[in-house]
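*Asks:* Below, each chain spelled out in residue letters.
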Amino acid sequence: MPVVVLPVPASVTIPVSQHIGAPAVPAVAKGDVVKTGQVIATAKGFVSANIHSSVSGKVSKIEPVIDTTGYKQMAVVIDVEGDEWIEGIDRSTDLVRKVTLSREQIVERCLQCGIVGLGGATFPTNIKMTVPAGKTCDMLIINGVECEPYLTSDHRLMIEKGEEVLTGASIIMKALGVTKAVIGIEANKPDAIINLAELSKNFDGITVQPLKVRYPQGGEKQLIKACTGREVPSGGLPLDVNIVVQNVGTAFAVYEAVQKNKPLIERVVTVTGKKVKEPGNFMVRIGTPVTKLIEAAGGMPDDTGKIVNGGPMMGKALALTDVPVTKGTSGIILFPEEESRREEIMPCIRCGKCSSACAMGLEPWLLSVAAEKTMYEKAEAEKITDCMECGACAYTCPARRPLLDYIRLGKATVMRKIRERNTK
Amino acid sequence: MNNILNVSPSPHQAGSETTRKLMYGVVFALVPAMAASVYYFGLGAIIVTLTSVISCVAVEYLVQKFILKTKTSVSDGSAIVTGLLLAFNVPSNLPLYIIIIGAIISVGVAKMTFGGLGNNPFNPALVGRVFLLISFPVKMTSWPVPSGFKTGYLDAVTGATPLGIMGEGLKNGESVSALMDKIPSHLQMFYGYMGGSMGEVAAAALILGGLYMIWKKIITWHIPVTILLTVALFTGILWFADPDKFADPIFHILTGGLMLGAFFMATDYVTSPMTPKGMVIYGVGIGVITVLIRTWGAYPEGVSFAILIMNAFVPLLNLYIKPRRFGKEVKHG
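The listed protein sequences derive, respectively, from chains P and R. If you read the first sequence in this note's numbering, its first letter stands for residue 1, the second for the next number, and so on. If you read the second sequence in this note's numbering, its first letter stands for residue 1, the second for the next number, and so on.
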């Protein structure tokens, strides 16, 4: 499904918090005229990201709106007038390969352009590009494993923008000071593997690694293990094994920021579902209502029962479609009514299939029971905090037990208890 | 845009496997052994099976309806599996009232008193079988001899099982080679041409069903393969040490309830360990105890006891044998 560029909508709603960390602070006021690419909210604190206007027009209001998470967040609403960009952004599609910026300038540019991880976590990229004192990094891994079934936006990017992605990878390598990068791609995307393997011959130190198809390989720790055999310790970060992981979508955004001075104001969103008439990958401006995306895909099928923001395994169900696309919106999946409800819960038959499915080597049945019975010490001892909530256990369970619901509850409680303990 | 959307936490998809499908998969895997049983023992096999399945389902239904007063769950298929396995573990000429007692013990006592499906510590069909063996020792050990399809039921010609002949003969000081002449050949035993419980005799049919379950991922290879290997290895060593006092490993693998036990009884999800490592330990335990009982115990056959004894260790195995945690071995850098 090739990427289709959608027209600029009549109005956009841009939340000031589209990333992990502190919300940005609005830098415009009601009635201000803004241009495309202009900063409208600035990063506040260490972990935060700039937010830019994705359109040109007039700020009509700044108020809390319900976003894709279902919570109210402060957002800047802009009525669109034309499409006038600020100066200094290279909007051409010409490839710029030569990296002229220094390490520090690259990191600074990513901060300025509001680049965040587009694989799902939306962690500010500039922070991940800086290796903290005491840590070393010897390798970059580019995540080309589409994190979830249904989503194809990364796949398209690897085919349509291969050189840009590779240039983005070499920029991140330069920032990290490493000479080696591996792009992990699952074997069910042979066209992407062939394309990038061919193109990467012209890039020093970048190789493509085909991987067996296995959910949840898009998880950072699983990908590192699959590509290098290194195991990130429990509770640790990739840097504990000298690795940084970035998504292909992020690599592309970094390329655009560093080589083209283009802030993160648009992204590719997959819109799909069994009964969707014209599923596709759409390039949209941040802040475009999800409703517009659904219209572009042929409208909402009559028997739609559930709409999910993200993938079917980890995505969030939307209560409303009148919510804006944000930097972290990777896909919109429309499920028909009959697939949108849970099946009857049966007793656990101790088949152990959840344990076999768990990529972290946990025992979901045990964690789920521990959480249900509020045995939080037991849950902590059994490493409930290692759970990455991939949903493989609940998917596999023949008794349809809501394993992840309980584990999520238990994990949140255990993490709160750990924080309380540490602050004492 | 007037749809009201469902909202729930992820994951938003579920796999195709359900408890019901798994249970009916086991039922399907038992079909070859059932067919073999009807072929060898005739109408008796059908009567015993129907009685057992109907009474197991009825007991579950009645207990839930009148004692527990909960929603009935008989449609999950687990009572049908228990009924089939109970039938497979008794002679094909067993009087019906004994089968009904077995069903009451299996489902009513061994399963429902613990809270129904998923909560019973011991394999229900085996509890029923052992209860009957102790309560009706004569009726439970008068094995009909395979005689092709016939309509006779209670009046079947009976004889001892190969394990019985072997055990009795060795006690009387006869040699293995002399005893081997009194029992069917290995090939006959492989096809099931010998006395025994109605569903346990046909090794070939049971292996077929077991392979089907492994192929369909209903069970994994761990439990059946370790049980069979352990029995083969243990009896192999004994046989190698003194082939006149101990029967050969193939004899042991093909006789008694070993095939049925290894593929269908020991692999019961509820009463077996949940990790592959735990399954291997459990399988070795069953194999060792089986050979100990067969060789030095009071009973000629020990698979049922071996499985029940190891069932008791399952909670411990689940507690101490953990999957390998991701990232455990690496030290913080």
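Hints listed in this document are in silico derivations from the structure and should not be mistaken for laboratory results. Just so we're clear, the structure is a prediction, and the values are computed from it rather than from any experiment. Where is the CB? At the ideal position from N, CA and C, for every residue including glycine. Incorrect hints may appear among the rest.
Claimed, not checked - Rough simulated footprint, nothing fancy, chain P against chain R, three-plus residues with beta-carbon under 8 Å:
#1 6-16
#2 19-28
#3 117-127
*Asks:* Give me the numbers of the hints this structure contradicts, sorted from smallest to largest.
*Replies:* Violated: none.
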